[in-house]
Amino acid sequence: MKRNIGRIDKADFPLLNLYDIEVKIDTGAYTSSIHCKNMKVEDNYLKCNFLDEEHPSYHEKEIIFDEYDVKVVRSSNGQSEARYRIKTEIVLFGKTHPIYLTLSDREEMRFPVLLGRNFLSKKYMVDINKTNLSYKLKTKK
Numbered sequence: 001m002k003r004n005i006g007r008i009d010k011a012d013f014p015l016l017n018l019y020d021i022e023v024k025i026d027t028g029a030y031t032s033s034i035h036c037k038n039m040k041v042e043d044n045y046l047k048c049n050f051l052d053e054e055h056p057s058y059h060e061k062e063i064i065f066d067e068y069d070v071k072v073v074r075s076s077n078g079q080s081e082a083r084y085r086i087k088t089e090i091v092l093f094g095k096t097h098p099i100y101l102t103l104s105d106r107e108e109m110r111f112p113v114l115l116g117r118n119f120l121s122k123k124y125m126v127d128i129n130k131t132n133l134s135y136k137l138k139t140k141k
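Under the UniProt record's numbering, the first residue of the sequence shown is numbered 1, with each subsequent residue one higher.
Derived by calculation from the structure, the hints in this document are not laboratory data.
Only a predicted model underlies this, so the values are computations on that prediction, with no experimental measurement involved.
Note that beta-carbon positions come from the ideal geometry of N, C-alpha and C, so glycine has one too.
There could be a bad hint or two in this list.
Calculated cross-link-like contacts (lysine-lysine; reagent style DSS-like; alpha-carbon spacing at most 25 Å) [stated by the list, open to error]:
1) K40 to K95
2) K47 to K87
3) K24 to K123
4) K122 to K24
Each pair of labels, with its calculated beta carbon distance range [unchecked claim]:
5) D43 to K123: 32 to 40 Å
6) E107 to K47: 14 to 22 Å
7) D127 to E42: 40 to 48 Å
Let the hints inform the model, and build the full structure from the sequences given.
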């Protein structure tokens, strides 16, 4: 059975050492995306930093991935671009799920993470009138 999720929430990404990160639920987007800077490939390893210095969860750590690929994604303005994609974990409603995230500079965006319908389908039903359902459950404990 699908669980309700609001239009925005906060999620944990334990493998990235990121907690209580604001996410926007976007059924118009197919892929999920996370804000990332300084992406570079050296000796077949993808290296990057997540979030910005202004973000309260920014930790300056360079994260290194040995498994990644490149996906062509059509952004909201209709332009196609190649983006690195990683597989990691997300925690919502106390449950850990695998998730593919494309890495994108979302500095101009309000939310550092976008959850698209590829992740949402078969797990969640979006209630646009609600917010932070997972986060409220987490802070209630």
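Outcome of the hint check:
no., hint, result
1, K40 to K95, "31 Å, violated"
2, K47 to K87, "14 Å, holds"
3, K24 to K123, "16 Å, holds"
4, K122 to K24, "18 Å, holds"
5, D43 to K123: 32 to 40 Å, "36 Å, holds"
6, E107 to K47: 14 to 22 Å, "19 Å, holds"
7, D127 to E42: 40 to 48 Å, "43 Å, holds"
Hint compliance for this structure: hint 1 alone is broken.
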